[in-house]
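Novice: The chain contents come next:
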Amino acid sequence: MAVASWPVPGRARVHPPWTKQRTGFTVLLLVWLGVFIFSWRYIQMTFLTLFTGVGNIVHFLAQNFPPQFVNFAQTVNEAVITLGIAVLGTAFAFVLSVPVGLMAARNTTLHPAVRWVARAIIVACRSIPDLVFAIIFVEAIGIGVLPGVLALACHSVGMLGKLYAESIEQVAPGPTEAVKSTGATRWQQVTTGVVPQVLPSFASIALYRLDINLRSSVILGYVGAGGIGFLLNEYMGELQFRAAMGIVIVMFVLIVSMEMVAAVIRRSLIGMEAIPVSGGTASPGPTSNPWWLRWASRPRPADRLVARILPPKPAAAPDLVKSGGFNRETVRPPWTHLRIQRFSFLAGAIVAVAAAFVVTKTTPWQAFLALPAIWRTIVLYFPPNFQSGGSALSVGALQSLAVAVIATSAGYFFAVPIGLLAARNVSRPWVARTTRLFLVVLRAVPELILAIVFIVAVGLGLVAGTMALTVGTIGFVAKLVADGLEEVPQMPREAVLSVGATKVQETATSVILPTTPMLIGNGLYVLDVNFRSSTILGIVGGGGIGFLLQQSVSVLAYRTTGAIIIVTFAVVLMIEVIANWVRKHLI
Amino acid sequence: MGHSGETPRLGAARLSPGTPEDAGSRWTTEAVVQCERLSKRFGSTLALDSVDLAVPAGQMLAVLGLSGSGKSTLLRSFNGLVTPSEGRVKVLGCEVTSANSEHLRTLRRQVGFIFQQFGLVGRICVLENVLAGALGRVKYPRFGVLSYPRRLRLEAIGHLERVGLADRAFQRADTLSGGQQQRVAIARALMQRPVLLLADEPVASLDPESSAAVMELMLRISREDNLTVIASLHQVELARGWADRLIGLRDGRVVADAKPDEMNEQRLSEIYRRVAEGKMDGPPAPANAFTTALAG
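Sequence order for the protein chains is A and B. Position 248 of the first sequence, counting from 1, maps to 230 under the working numbering, and the rest follow consecutively. The number in the working numbering is simply the position in the second sequence, starting from 1, with 797 added.
Quick caveat, the hints were computed from the structure, so don't treat them as lab data. Glycine residues also receive a C-beta, built at the ideal position from the N, C-alpha and C atoms. No false leads were slipped in.
To be clear about the criterion: a stretch of chain B counts as covered by chain A if any three or more of its residues have a C-beta under 8 Å from a C-beta of chain A, and this derived list gives those stretches: (1) 909 to 915; (2) 918 to 924; (3) 928 to 934; (4) 942 to 954.
Using the sequences and the accompanying hints, generate a full structural model.
Specialist: Shown next as structure tokens:
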């Protein structure tokens, strides 16, 4: 009877219907394939160069081994200044991004028109690479630390402002409405209802940006904007490759240690969030606090005095956060662990910024004093001259775009298997750990340095730039893949295993498949990043629109430079519009 | 109340005679809340359909109705969180429909509003949430407990003591249970030194035990402070227990208006008819593969 009731194959439709989404998705993949083939032929990329290139690199590295540390004290000094530039750039960006983010968020903006202006500022800042900002600012205020700081700050507003606006828009509306219902003014609603909710994510986003800015700041010196990159440029110019490698190793150590410090801080930031939401009766559990926290929360004479004056309170439920004992006369918040942690975070940030001002020998008002000079220089770029370069401008833009497309595709091609190896829930623990370490190393090498290495290997031109970007993409995307895979919920995996699937089938169905939309959604974002990077790579000889930029800057053809920047801006904007459309309609 | 407000209050205005244009109309001067032909449209749906209502001072009014019957919209239009599409609303002498933002803020200061989802900022401490109730009385944006003067902090502790949560003052608001959070929200409303209390489903997201405690607290405080209360509720029995007057909303219209003892089954079914119909005429449960297989 049971057998008889099994469904008999009939005329039911078993092919998924061609929905708008599915059609669009197929078209997108075909278009991408076409663009990829076109790009490959356009920049005359070959597989052969790829392999001879690797040989060249190995040869080059072997020849210049061991690295040399010429004038180590100066190198360390420049490294500290580089760190200072990154900290100051991020701090300036934070100060600028909070108002921009507030104005760009739908729920806190003053007026829709203001919102559009804020969003335009964000897009403009994001689409102009920091190295281009640095070139403009060096032009305006001369070689030094300040142009580097301002360049990082301006470019970072593009990311911080966007993410801040997004997190403000995601804030729960209930508390703000409640604050509004008490008769609070608009700004009171923002500070009481919105700010406390977004503050942790603001801090963690700024920390993430500091990490990125340090990577950028090591190369700013290359265009005269201060820091360790200046030494690299010098040694490369003198063909002292061993000394240059020494500098690269110092940069590498700097970047990796920053990533570790950021991870520790981020964990403690998350720790502040990890408070159970369960009626305040959550069991405290065996918590072992560090000595300084125990010391900071020791009973104080004032507390004991209060305890004697006040009648004993009814035994409250044991709380995770000890909060009952406060002075009823002054009503000041007690120094709970949470408050100490919050204050030490704030104090740490203030000390770091102050120290950064000291080591870079800059002052906040120098930035203001530089504004007129910057304005005078920016005016020189207008009106942009699109004619002088002839067709070179469109060819350059197309070349850079082709480089970005190939680097993105090739990067994904290599990154997905590496990401699978790096995911703890897919591969073996030791494999995952080793691969993760490899990715940290890979991402710690700035793309500009990769470009220099590849230029040495395969000569000046687009192919070197493409390879550098591909390697950079692998580092970024493989981490994205691994993180995405590790976030996959456990439950469906057990369900798939329980029907008798093999390990490989299970991984494909319940781990890789759910991660695919995220990966494709990020593909256009990676393309966007790679296009901007490819303009930077041109500056060291990686070809494309960046090469034109470097040329026009060196001959002081301001209005041609203006045209190049505007073309870059337009392409980035175009990619972003397409990416938004794809994300909205297809994924 | 025993408090002296820092800002001019509208309480006096509410006792002043009406403007000449009101002379012939049904607008009375004693009513704390009054609305006339109040309608609110969200896109194509009519949330409120020509509601007439007058609530005298000191009355405890329960608003009954299904989800989507317009209860929340009605309460929100009384303190200007929702702007009516048509009609007039007058609360504590303030014409909500034509008031500018300054007047609206002055009105909101005196109207406590209790939300179904409490509306606490989870990340800040209980005391700062209560202090937010004083924002209408202080100048400038505030950030952190210590940005409020000590006098207000002491007052806030007093309100917390009244709702029985003073020992939780410096705990994060999201570490409290639902019932405790709603009590904090009541303390915040008290911080406004309200004349009128609006409560939008104050106990809908609480378990029966905490609902009873929260309702009891709200009621006791309202009686002690002589507040006018308008609360929307799901539970008929709860409403019958304390209200002086019940009104029923259905599809944005007032379909019942009675004293608690007059609210009989027939009137109730008028309010909740859709539920009764739904139970009778609901489609039969769809047969699933399992039952089909068994039948086969």
